[in-house]
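Colleague: From first to last, the protein sequence lines are chains L and V.
So for the first sequence, numbering that gives the first Met the number 0 puts the first residue at 0; every next one is plus one.
So for the second sequence, numbering that gives the first Met the number 0 puts the first residue at 0; every next one is plus one.
Read the hints as simulated data drawn from the structure, not as lab findings.
No experiment lies behind these values; they were computed from the predicted model shown.
Any given hint could be a false lead.
Claimed, not checked - Restraint-style ranges between C-beta atoms, simulated for each label pair:
1) V:D32 <-> L:D229: 52 to 62 Å
2) V:P17 <-> L:R67: 23 to 33 Å
3) V:E35 <-> L:R67: 37 to 47 Å
4) V:D32 <-> L:R24: 51 to 61 Å
5) L:G267 <-> V:A82: 26 to 36 Å
6) L:S287 <-> V:R42: 29 to 39 Å
7) L:E86 <-> V:A82: 22 to 32 Å
8) V:G49 <-> L:S135: 24 to 34 Å
9) L:T288 <-> V:A82: 28 to 38 Å
10) L:P139 <-> V:P10: 30 to 40 Å
11) L:G267 <-> V:R54: 28 to 38 Å
12) V:E35 <-> L:S283: 30 to 40 Å
Stated by the list, open to error - Every beta carbon over 12 Å from chain L, so not counted as near; a handful from chain V, in silico:
13) E2
14) D15
15) P17
16) E29
17) R33
18) L41
19) D43
20) E47
21) I56
22) V60
23) D61
24) R62
25) R64
26) G74
27) D78
28) A82
Where is the CB? At the ideal position from N, CA and C, for every residue including glycine.
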Amino acid sequence: MAKRVVLTVGTRKGCFLLESGDARRDWQVRGPFCDAWPIYHAAIDPETGTVYASAASEWHGAGVWRSRDLGESWEMSSEGLQYPEGELKLSKVSGVSIAHGKVRVGAEAAGVFESGDGGATWSLVSTLDDQPGRGSWNDPDKQPPGHLGMTAILPHAEEPDRYMIIVQGYGIFETRDGGGSWEPCNTGLRAEWPLEDERVGYCVHKLVRSPADATRYFQQNHCGMHRSDDGGHTWTEVTDGLPTDFGFVAAAHPHDRDSFYVIPLDPGHGRTMPDGAAAVWRTSDAGSTWQRLSSGLPQQNAHIGVLREGLAIDSLDEPGLYFGTSTGQVFASADAGETWDEIASYLPGISSVEVAVVEA
Amino acid sequence: MAELHLPPTLPSLYTDLPRHVDVDAATVAEAIDRLEDRWPGLRDRLCEPGPALRRHINVYVDRERAGLDTTLEPGSRVDVIAAISGG
Chain L
0 MAKRVVLTVG TRKGCFLLES GDARRDWQVR GPFCDAWPIY HAAIDPETGT VYASAASEWH
60 GAGVWRSRDL GESWEMSSEG LQYPEGELKL SKVSGVSIAH GKVRVGAEAA GVFESGDGGA
120 TWSLVSTLDD QPGRGSWNDP DKQPPGHLGM TAILPHAEEP DRYMIIVQGY GIFETRDGGG
180 SWEPCNTGLR AEWPLEDERV GYCVHKLVRS PADATRYFQQ NHCGMHRSDD GGHTWTEVTD
240 GLPTDFGFVA AAHPHDRDSF YVIPLDPGHG RTMPDGAAAV WRTSDAGSTW QRLSSGLPQQ
300 NAHIGVLREG LAIDSLDEPG LYFGTSTGQV FASADAGETW DEIASYLPGI SSVEVAVVEA
Chain V
0 MAELHLPPTL PSLYTDLPRH VDVDAATVAE AIDRLEDRWP GLRDRLCEPG PALRRHINVY
60 VDRERAGLDT TLEPGSRVDV IAAISGG
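Bound conformation, chain L alone (with noise of 0.2 Å):
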């Protein structure tokens, strides 16, 4: 059956859909969708085809569109979607996660939300408020700008009340009871300045598991990159090699343990590419030595950057993968980054690309 390679690509002015066939070589783009509505994070899940993208109107507020016709019809729920009357206040919702018949989204304050019927209506799940941090992290005084709250959730590969969640600016955190108890997992990470208390405080970015081994987890931090061997509870810096050690994305080959992909920037008020050179970095050894790939990639006065959810990796044996910039390029590599193009240029800010591969 010939297959459909699908990115879903979040923006600034609304979602986009950019579509190839499995050779992955001409594209065709779709969009602006979502009524051009600020996208966060726009993802499919693989089960049902729908497409989920949050988003937040600085006008009309956050919400969840979906598209159960890769991006045909889209509609949009709010409902249920914001925190009772009182301390919190629901600004926007950033991560979608879809596993296990669930869709879940972080959100800003910091909190979970899911819906168990396909987006149409939503629940409050946690706001971690027996977790060390939580007054910090919902104090408007210690928030950075563009504040996030909960950026990400991560899906157990089996376990459907299993997940993880990062909170902006404090770390990881593991329910096993689908959010009515937490644990920080932190432990081994770095931080670059003083901590309250050594369980949190660490500026998770970006938190990915290799679909080959449960058990290795990679991600980009604030502060370096890390490798976990114990399902993400322990880490070990593997910075060395790398150009610097600030970045925001991460990607886990599909099939093989050891390779995982990083797009290294600037640290401070630039975070673009260093040197004005465009490049994706991979660990074939877990993070022992990495590899430069920039073959296709602009290599002069091309000062770009990729943010939390701005580079995806398909599932095809041969392993595409995928970055779209805050500038509104995507580049798109069919052979495990060896060799990039260019496949969409003028794009509003890119805020997140995602993959499926789909039957055509």
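With chain L held as given, fit chain V onto it using these hints.
Modeller: Here is chain V on its own, set in the frame of chain L:
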């Protein structure tokens, strides 16, 4: 009956929602309730929990800045304005 004028960012979100709607309501809050009755979810686009008008949504009744509790007269014109911004 008051005459509501909605911002151009709303009609595309709901089936058959026009830019101009006539509603029978005694206050701005009631007018929004009438919209919610016909187009479920619309209140969330204009109000936060409280309820309160969203930060960048402004309402004028007969050209005067208004709040949710502002009273409406028969024939009042209610303008719901999304703050001018963006780019």
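Colleague: Evaluate each hint against the coordinates.
Modeller: Results of checking the hints against the structure:
Judged by the Cβ atoms, the range 52 to 62 Å given for D32 of chain V and D229 of chain L holds: they are separated by roughly 54 Å. For P17 of chain V and R67 of chain L, the Cβ-Cβ distance of about 27 Å falls inside the hinted range of 23 to 33 Å, so the restraint holds. Take E35 of chain V and R67 of chain L: their Cβ atoms lie about 25 Å apart, and the range 37 to 47 Å is violated. At about 54 Å, the CB distance of D32 of chain V to R24 of chain L agrees with the hint of 51 to 61 Å.
The given range of 26 to 36 Å is respected by G267 of chain L and A82 of chain V, whose C-beta atoms sit roughly 32 Å from each other. Range check, S287 of chain L to R42 of chain V: about 56 Å between beta-carbon atoms, so the 29 to 39 Å window is missed. About 26 Å separates the C-beta atoms of E86 of chain L and A82 of chain V, a value consistent with the hinted range of 22 to 32 Å. Take G49 of chain V and S135 of chain L: their Cβ atoms lie about 26 Å apart, and the range 24 to 34 Å holds.
For the hinted restraint 28 to 38 Å between T288 of chain L and A82 of chain V, the CB-CB distance of approximately 52 Å leaves it violated. The hinted range of 30 to 40 Å is satisfied by P139 of chain L and P10 of chain V, whose Cβ atoms lie roughly 34 Å apart. Taking the beta carbon of each, G267 of chain L and R54 of chain V are about 31 Å apart, inside 28 to 38 Å as hinted. Checked against the hint of 30 to 40 Å, the C-beta distance between E35 of chain V and S283 of chain L comes to roughly 56 Å, which is inconsistent with it.
The Cβ of E2 of chain V sits about 21 Å from the closest Cβ of chain L, beyond the 12 Å cut-off, so the non-interface label holds. Taking the minimum C-beta to C-beta distance to chain L, about 15 Å, the non-interface status of D15 of chain V holds against the 12 Å cut. For P17 of chain V, the non-interface assignment is confirmed: its Cβ lies about 17 Å from the closest Cβ of chain L, beyond the 12 Å cut-off. The claim that E29 of chain V is not at the interface with chain L holds, since no C-beta of that chain comes within 12 Å of its own (minimum 20 Å).
Chain L leaves R33 of chain V outside its interface by the beta-carbon criterion, the shortest separation being 18 Å against a cut-off of 12 Å. At roughly 9 Å from the closest C-beta of chain L, the C-beta of L41 of chain V falls inside 12 Å, breaking its exclusion from the interface. The beta carbon of D43 of chain V sits about 5 Å from the closest Cβ of chain L, which is not more than 12 Å, so the claim that it is off the interface is violated. Not every C-beta of chain L lies more than 12 Å from that of E47 of chain V, the closest at about 7 Å, which undercuts listing it as non-interface.
The claim that I56 of chain V is not at the interface with chain L is violated, since a C-beta of that chain comes within 12 Å of its own (minimum 6 Å). Residue-level check passed: V60 of chain V sits 19 Å from the nearest beta carbon of chain L, beyond 12 Å. The beta carbon of D61 of chain V is kept farther than 12 Å from every beta carbon of chain L, the shortest such distance being approximately 23 Å. Against chain L, the non-interface label of R62 of chain V holds: every CB pair exceeds 12 Å, the least being about 21 Å.
With a least CB separation of 17 Å from chain L, R64 of chain V remains clear of the 12 Å interface cut-off, as annotated. The Cβ of G74 of chain V sits about 27 Å from the closest Cβ of chain L, beyond the 12 Å cut-off, so the non-interface label holds. No beta-carbon of chain L is positioned within 12 Å of the beta-carbon of D78 of chain V; the least distance is around 14 Å. Against chain L, the non-interface label of A82 of chain V is violated: not every CB pair exceeds 12 Å, the least being about 7 Å.
Of the hints listed earlier, those the structure fails to meet are numbers 3, 6, 9, 12, 18, 19, 20, 21, 28, in rising order.
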